[in-house]
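Residue numbers (UniProt numbering), protein chains in the order written: chain E, 1 to 721; chain Y, 1 to 273.
FYI, nobody ran anything at the bench for these hints, they're computed from the structure.
Any given hint could be a false lead.
Reference excerpt, derived from the structure (chain E facing chain Y, CB under 10 Å, subset only) [unchecked claim]: (1) Thr36; (2) Ser37; (3) Leu41; (4) Ser42; (5) Glu45; (6) Gln136; (7) Thr139; (8) Val144; (9) Ala147; (10) Asp149; (11) His499; (12) Pro500.
Ideal Cβ placement from N, Cα and C applies to all residues, glycine included.
Letter by letter, the chains look like this.
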Amino acid sequence: MADEQEPSARDHEQGGALDPGLAEFARLWTGAVITTSNVPLSRKELRGILTGFAEVLAESLRRADPEAVTEIGRGLVAAQLVGPHALDATLRVVGRSLPAAAGLPQCPETTNQVIDLLGALSAGYMDALREHIFGQQETMKKAVFRARDAAERALRASERRFRTLFSESVVGIAIGDIQGHIVSSNLALQEMLGYSADELRQRTAYDLMPAQDAEDMAKAYRKLINGTYTSLRSEQRMIRGDGEPIWVHIAVTLIRDENGLADYPVVMIEDITDLHLLQERWRHQTLHDPLTGLLNRALFLSKTETAIGGLAPGERVGLAVFGVDGFGVVNGALSDEVGNRVLKTIADRLRGTVDEDTGLLARINGDRFGMLVLRSSARGVVEVAERALKRISEPIAAEGRQLSLTASVGIVERPADRAEPTELLRDAEMALGWAKLEGKAQWALYEEDRGGPERRALELATQLPQALVDGQLSLEYEPLGKLSDRTLAGVEARLTWEHPELGVLGPEEFLAAAERTGQVGVLGRWVVREAAEQAAAWAEEFGERAPVVCIGLPNRQSCDQDLIRQLMSVVDQTGVRPELLQLEVDQSVVRDRDGEPLEALSVMVDNGFRVVVSGVGAGGSGPLALAGLPVHGIKLASGFVATLGDGDKPDPTAERAIGTAVSLAHLAELTVHAAGVDREQHAATLRELGVDVGQGQHFGPPALPFEVEPMITSGTVDPEW
Amino acid sequence: MRVNRPDWAPRDVDMDRASAARLYDFFLGGSFNFEVDRELGRRVATVAPAVFDFARLNRAFLRRAVRFLVSQGVTQFLDIGSGIPTAGNVHEVAQRVRPGCRVVYVDNDPVAVAHSEVLLAGNPHVVAVQADMRDPGALLNDPGTARLLDFSEPIGLLMVAVHHFLPPADEPERLMARYREVLPLGSYLALSHITSDAVAEQVSALVELYRESTHPVTVRSKAEVATLFEGFELVQPGLVFTPQWRPESPEDLDEHPEHAGVYAGVGRKSALG
Numbered sequence: 001m002a003d004e005q006e007p008s009a010r011d012h013e014q015g016g017a018l019d020p021g022l023a024e025f026a027r028l029w030t031g032a033v034i035t036t037s038n039v040p041l042s043r044k045e046l047r048g049i050l051t052g053f054a055e056v057l058a059e060s061l062r063r064a065d066p067e068a069v070t071e072i073g074r075g076l077v078a079a080q081l082v083g084p085h086a087l088d089a090t091l092r093v094v095g096r097s098l099p100a101a102a103g104l105p106q107c108p109e110t111t112n113q114v115i116d117l118l119g120a121l122s123a124g125y126m127d128a129l130r131e132h133i134f135g136q137q138e139t140m141k142k143a144v145f146r147a148r149d150a151a152e153r154a155l156r157a158s159e160r161r162f163r164t165l166f167s168e169s170v171v172g173i174a175i176g177d178i179q180g181h182i183v184s185s186n187l188a189l190q191e192m193l194g195y196s197a198d199e200l201r202q203r204t205a206y207d208l209m210p211a212q213d214a215e216d217m218a219k220a221y222r223k224l225i226n227g228t229y230t231s232l233r234s235e236q237r238m239i240r241g242d243g244e245p246i247w248v249h250i251a252v253t254l255i256r257d258e259n260g261l262a263d264y265p266v267v268m269i270e271d272i273t274d275l276h277l278l279q280e281r282w283r284h285q286t287l288h289d290p291l292t293g294l295l296n297r298a299l300f301l302s303k304t305e306t307a308i309g310g311l312a313p314g315e316r317v318g319l320a321v322f323g324v325d326g327f328g329v330v331n332g333a334l335s336d337e338v339g340n341r342v343l344k345t346i347a348d349r350l351r352g353t354v355d356e357d358t359g360l361l362a363r364i365n366g367d368r369f370g371m372l373v374l375r376s377s378a379r380g381v382v383e384v385a386e387r388a389l390k391r392i393s394e395p396i397a398a399e400g401r402q403l404s405l406t407a408s409v410g411i412v413e414r415p416a417d418r419a420e421p422t423e424l425l426r427d428a429e430m431a432l433g434w435a436k437l438e439g440k441a442q443w444a445l446y447e448e449d450r451g452g453p454e455r456r457a458l459e460l461a462t463q464l465p466q467a468l469v470d471g472q473l474s475l476e477y478e479p480l481g482k483l484s485d486r487t488l489a490g491v492e493a494r495l496t497w498e499h500p501e502l503g504v505l506g507p508e509e510f511l512a513a514a515e516r517t518g519q520v521g522v523l524g525r526w527v528v529r530e531a532a533e534q535a536a537a538w539a540e541e542f543g544e545r546a547p548v549v550c551i552g553l554p555n556r557q558s559c560d561q562d563l564i565r566q567l568m569s570v571v572d573q574t575g576v577r578p579e580l581l582q583l584e585v586d587q588s589v590v591r592d593r594d595g596e597p598l599e600a601l602s603v604m605v606d607n608g609f610r611v612v613v614s615g616v617g618a619g620g621s622g623p624l625a626l627a628g629l630p631v632h633g634i635k636l637a638s639g640f641v642a643t644l645g646d647g648d649k650p651d652p653t654a655e656r657a658i659g660t661a662v663s664l665a666h667l668a669e670l671t672v673h674a675a676g677v678d679r680e681q682h683a684a685t686l687r688e689l690g691v692d693v694g695q696g697q698h699f700g701p702p703a704l705p706f707e708v709e710p711m712i713t714s715g716t717v718d719p720e721w
Numbered sequence: 001m002r003v004n005r006p007d008w009a010p011r012d013v014d015m016d017r018a019s020a021a022r023l024y025d026f027f028l029g030g031s032f033n034f035e036v037d038r039e040l041g042r043r044v045a046t047v048a049p050a051v052f053d054f055a056r057l058n059r060a061f062l063r064r065a066v067r068f069l070v071s072q073g074v075t076q077f078l079d080i081g082s083g084i085p086t087a088g089n090v091h092e093v094a095q096r097v098r099p100g101c102r103v104v105y106v107d108n109d110p111v112a113v114a115h116s117e118v119l120l121a122g123n124p125h126v127v128a129v130q131a132d133m134r135d136p137g138a139l140l141n142d143p144g145t146a147r148l149l150d151f152s153e154p155i156g157l158l159m160v161a162v163h164h165f166l167p168p169a170d171e172p173e174r175l176m177a178r179y180r181e182v183l184p185l186g187s188y189l190a191l192s193h194i195t196s197d198a199v200a201e202q203v204s205a206l207v208e209l210y211r212e213s214t215h216p217v218t219v220r221s222k223a224e225v226a227t228l229f230e231g232f233e234l235v236q237p238g239l240v241f242t243p244q245w246r247p248e249s250p251e252d253l254d255e256h257p258e259h260a261g262v263y264a265g266v267g268r269k270s271a272l273g
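With these hints in hand, go ahead and build the complete structure from the sequences.
The structure is reproduced here in structure tokens:
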């Protein structure tokens, strides 16, 4: 170090002849002081130095000249003999042993000379020691200043970083005190909550929440403080300054002091109102008819069930289904707009005839409306239905015309304890059919003996086996394309029934009946076999280019114990490689009642099949709920894709929601498919959001096998013919 | 308890509590300390008067170990827990024998590091780095360390009287494995550690008082200290009390080396390690 000087005397031992008395004195002196101080020297090195000092001391004692001795005092400090007892030990050794070692007689004169010498030695030592200590203290001051300066600079830099983060963040950030008061807030938070910084400062976070949320938050916050929770996240409501509720995601982090005690909370708040609204809108859309705002079929059935469950024994329930007579003609002859106007008007008129407390209304499908009447009598229901028919028959103004339309209605009425919602609806629809057959614009009451309750379903279902034999059923293949470059990514098998009387029926028209009557097992097996055979044929012909064939499993079949056995036997018999079959399971059935993933999923995966969860985004479970499923991919529901809207620009909330779903899926290393990609605009958006594969009109309609083959050869959904 | 502090928050300069580095300086008779340090230091000395010898003999071990390593051809040193520079610093000892020896001083006490910087200004072969030995990644990747040390040549790793600041929860063995890993073959570890195997009463009194400082102390037995040398081959005379480690003169040894209170040893990273 710069301020530590080299010992001023060099190793003396090589210096030649040395008085043995002085040599012994130096040894004693070394032994006396070496333990008093942190001397960075070996004993031998120190003795060398002290031997040199001893010679000077002896000489000045003999000459009674204490001047040079002052320098020796300084030299001791330079040799780092600065410990508290270093001088003390030195004075004692020098006073006691130096005169004899220097060969001086014991007499009062010598004593006086020794005292002078010790005085000079001490003076030199003290002078140097003072400088030594001052020097060290000076250095230390510089060091402390430097350390504080560096720490302050680092602190300022980190404060700058934090301030930037705090002020620029689009996430609302609040710093609170331990009681929950908002001490400091950023602009994003002030804007989100509609309060100024000062106004927020006068409030606690709890003041900004509905009572129940505040209570839950306070409870969780206490657990955070006492260490039960390490962090706190919540999705809940907050109330803006203007009274508007918003939905937020809140994350609370507790800053602890150096002793680990809770110091203050930092709260990050993200406004997720848009996302929440979008979810609500889906829910509404999936349960309500967007045209008329009435319940849709599914919600009608579920609300009917609830309503019936609330009835007392002996009470009765009635259900009517209205159908507009000749609606297809109106729609075809005029325009969709007129048709929609008519349906809206009829919905409004039906609303006017139903008592909100005792009845429910729904648009069942097309031009059919359902009405539930609770605590009814047959006579009462008929009266309501007649009233409604009368209102419907009043002229409807549409596009400058006055339309006169009639409706027919089928009615079922029975004791609540025998009323099962789907049966009620089916029977009422059957009665509607009778009403229409009997001349329209009238009502018909369902009668037990006028056709078995499952007649229509049975009719279709009983025709199924023969239809299979007759080859009325066939599979079409809807192309799947990569969004990036329209490469053929597979095909999806779609069942169609060319009914000799009813024309081409899509699966939605007879699968329900088949599910009811148990025919779906037969159908499902047939589809799986047919698709597997096609996949095997393609594999043989096209080798590596053969497309993956997707098969949507009916819900009932997904849970079927026999499913795996069926699949394996099909694989055995057709020789198809399992990875060429992609099995799609609807998101509503991927978990069992306990919320565990269906065991069948992992068995399918283990056996080499590709498994995809379909219907994602429609209905209850968001993409988060699919985390941890043993599958290869997800398929976004066409309804989810449709939320992107018809505009030139995608609906931003929908875009964000789909983007989130895609990111979550990709995080879980799942491929993402999208169904219902009908518009180029949607395809572009989905491509940007990272969706891998799409199907829908944008990629071409379902096709027959011979139509698919050019796609396989060219490897794209746009083959050259 | 370790404080949960974001990376970007600077370490405080705490002048209100005694620091281990300044206490050590006080016990060595230095003036690089404050009243808060001296006050605690005097109380420690009252109940554990041997502490002055602990410090002085430990410092003397460091000097002998550095000389030994230079004699074995080591020319670069990593001194972790170097504390406040004082008489007989590693670079002075090493450079006196062999000019050009390089030394990286590491301490987690910002004042100790600033102190080194003030005193080292202008010495191109020496650098002071502020880092925590519990974060080997940051310590080894510090630009200062990287600039001065050549990890393809043997390095003298000095960890003198520093492990007693690591409680078992810090897993010192695991940390040592990490340091050993990066040392080239032929490198040396010089390490000393306070123990309660001897002068137990004074040591436990000392431990009690150090709780008030910024650096509480954990003592270890000989066997526990030996595990810190795993992967190193101890050179003669093995793990011993500081005065027993290669004394330079018979007079430096009295009949009670254990009163030095500190175990010391030097190990070599051999191919077997």
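Which hint numbers doesn't this structure obey? Violated: hints 11 and 12.
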